[in-house]
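Asker: These are the residues of each chain, in order.
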Amino acid sequence: MSDEDSILALEGISRSFGGVRAVDGVSLSIKRGSIAGLIGPNGSGKSTLFNIISGVEKKNSGSIAFQGVRLDNLSPHKRFALGLGRTFQTPRLFTGMTVLENTMTGGKGQKGESPFNAPFPGRWEPQEMEIAKQAKSQMTSLEIEKLFGSHSNEISGGQMKLLQLSTVLMGRPKLLLLDEPTAGVAPRLAQDIFQSISQERVENATTFFIIEHRLQVLFRHVDTVFVMHQGRIIASGKPDEIVKKQNVIDAYLGS
Amino acid sequence: MSFDYVGFAIAFTTVYGIYSMLGVSLNLEYGYAGQPNFGQVLFYAIGAYVAGTIAANLLPMLAGVATGNICDVSSLVQREAIAIADPVISVSVWVLALIFSMAAGGIIGLVVSYPALRVKEEWFLSMILLVAGEMFRIFVQNTQQVGCGFNGLAGIVNPLNWIEKYFPGSQVLQAEVPSGLYAGIVLALAIACFLIAQRIGNSPYGRLLKSIRDDKVASESLGKDVSKVRKQIMIIGSIMAGLAGALYVYYIGTAVTDDYIPAVTFSIWVMMILGGYANNRGLLVGAFVITMLDRGSLVLGVLMEGWFPNFNPSLLIYARYMVESVVLILLLVFRQKGLFPETRIKTKAYTLFDFGASKAQGKKEPVTESLTEGSKQGEVQSNQVATDSSLVDSDTSGGSSRTK
Ligand SMILES: Nc1ncnc2c1ncn2[C@@H]1O[C@H](COP(=O)(O)OP(=O)(O)OP(=O)(O)O)[C@@H](O)[C@H]1O
Ligand SMILES: [Mg+2]
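In order, the protein sequences belong to chains P and L.
Heads up: the first sequence begins at 2 in our numbering, then just goes up one per residue.
Heads up: the second sequence begins at 48 in our numbering, then just goes up one per residue.
Okay, chain P solo, but in the shape it has when bound (with noise of 0.2 Å):
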């Protein structure tokens, strides 16, 4: 894959936690445009390897580079303004706020953001209202526009997911790492999420990088699979490939 066409490469990616390595040597190289899977049994390190891509977690060794720049000691809001968006696979939400207002921080660059233009609303409000109406188109399409006045931590675990993506999509990231996206979300939900994401995909190019358990509604979207087992990736691939390989079956047996 030449440089253009990959919008994130990762080499030699490693982390360890005590003894233990969580991640091992990864290296991978995600197409721009593309949907990616990152599967792997419980513990095999695929989330330490968003928090290290996203800059939540720091590497002990290894490159990253994003659309060409390297990221290594880059703090998490830059990576975010570059483009760099993640949500998190337990749901970080901002519990004082409601359902719209954590839509609405994810919102880039709002001029309200400065101590100095907030106190006069004039300055900010015809932006604020841009990002109102682009919360609630995102809202509507993640299902959650009733729930504008909750707030989020009166919402069902399932909810507290979309509310992040939801979150997260404000920013129109470039590529967007999404963390077990439907966990805890009914399988028609399940189905209806990823249905956005191929959208999303198609309507603001963005490329996406997914972790999730739920191999048969994401082999059905994604273009390539990574499979991730004890901190290393032992497998790549297009969905219908990966299934045949006897090191993967082994992974997921346990063996």
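To be clear, the hints were calculated from the coordinates, so they are not data collected in a lab.
Note that this is a predicted model, so its numbers are computed, not measured.
By construction, the Cβ of each residue, glycine as well, lies at the ideal position given by its N, Cα and C atoms.
Be aware that one or more of the hints could be misleading.
As the list claims (entries may be wrong) - If the Cβ cut is set under 10 Å, some of the chain P residues that face chain L in the computed set are:
#1 89
#2 93
#3 94
#4 109
#5 136
For this one, chain P is given, so just place chain L with the ligands on it according to the hints.
Answerer: Same frame as chain P, now just chain L with the ligands:
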């Protein structure tokens, strides 16, 4: 003995204004931004001492007399005389003192936020501030060169005292007009701080602050420069606290270290917890209650002394802190969110949504023309119940679909 109602009202208003300012400041830092400041009194004290020092030095300087030692009684008498004689000097020194106190508060706020930003745990900051506040107090108390040490810096009189010459016939008016006007100014500045806090709170910046308070990692992952914002809010809060300190020292007349004990911080915390975190209106109620306790204990002490000659009025000062502690314990046990819970961040964004569909908290604001499309959409949904749980399972059923 007759009770001086006017005097009480003036003192009450002044103290209420100052407490409200301190409370609004802490509420921005902690209620909104989640930064627990256990050393609020530090910024208050710095404001007071900066204002006092500036007044004591500038008044004689501008009046063209030798300053001498500002701690001497002769110097004190001299500056009180200047303040009464020269309105221009008196008021301009006061304005300068306020500005420098705010600047000093802001700078110290910035400085102390640095060590705090090195660590992720914000309780570290609160410990540093708690200690710093006490260290400053003890340092001043034992350093004659700073604020005249243990004796305190006296003679920082009301900048409007020159008004007394317009009421030659009445000693009562000579005292009450300047102090009444001063109380009005303090109240006006407190209202200004409150309005700024309200506007900040009900803006995208308010969302930003709360996002940092609720989950720093998530906020940072959504592109928010958490360190920068934490610094900003410490500066804003400290500017307000510095202003409160300057206004207080000009009201009480003397900067003494006993006025800046950690219990002051405690009172500010109680008013915030009482009124409600991130609720500025509630905070005004909390500040009112604490002002009642403060003034009430003083007045009652004086009255009791009149009735019972052997009564020690400082007992009531202690009683005040006891009452505050009990209030705090009751709140923490029975009403952790305070009397007035946090409200929504009221920006125009909500005009796109229909409050009929869920429990409305605020008033529905008029929808502007460009937004009618959005509001129609809202009406269609208005009959449905807000929480449509049929679409979404609980967490447990999702977990079962995991590959084991
Ligand atoms: N902060 C941490 N401190 C110590 N150990 C950690 C930490 N985070 C992860 N680990 C360990 O690293 C390993 C990988 O964890 P990780 O959460 O990345 O797995 P995962 O593939 O996401 O699993 P799951 O499917 O259960 O979400 C596990 O053994 C875990 O216990
Ligand atoms: Mg995980």
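Asker: Hints first: check each against the structure and report whether it holds.
Answerer: Results of checking the hints against the structure:
With 10 Å as the threshold, the beta carbon of residue 89 of chain P comes within range of chain L, its nearest partner Cβ sitting at about 7 Å, so the hint holds. At its closest, the beta carbon of residue 93 of chain P sits 4 Å from a beta carbon of chain L; the interface hint therefore holds under the 10 Å criterion. For residue 94 of chain P, the interface hint holds, since its Cβ comes within 10 Å of a Cβ in chain L; the closest pair sits about 7 Å apart. Evaluation of the residue 109 of chain P hint against chain L yields a held restraint, the C-beta minimum of about 6 Å falling below 10 Å.
Given hint, residue 136 of chain P at the interface with chain L, holds; its Cβ is 7 Å from that chain's nearest Cβ, closer than 10 Å.
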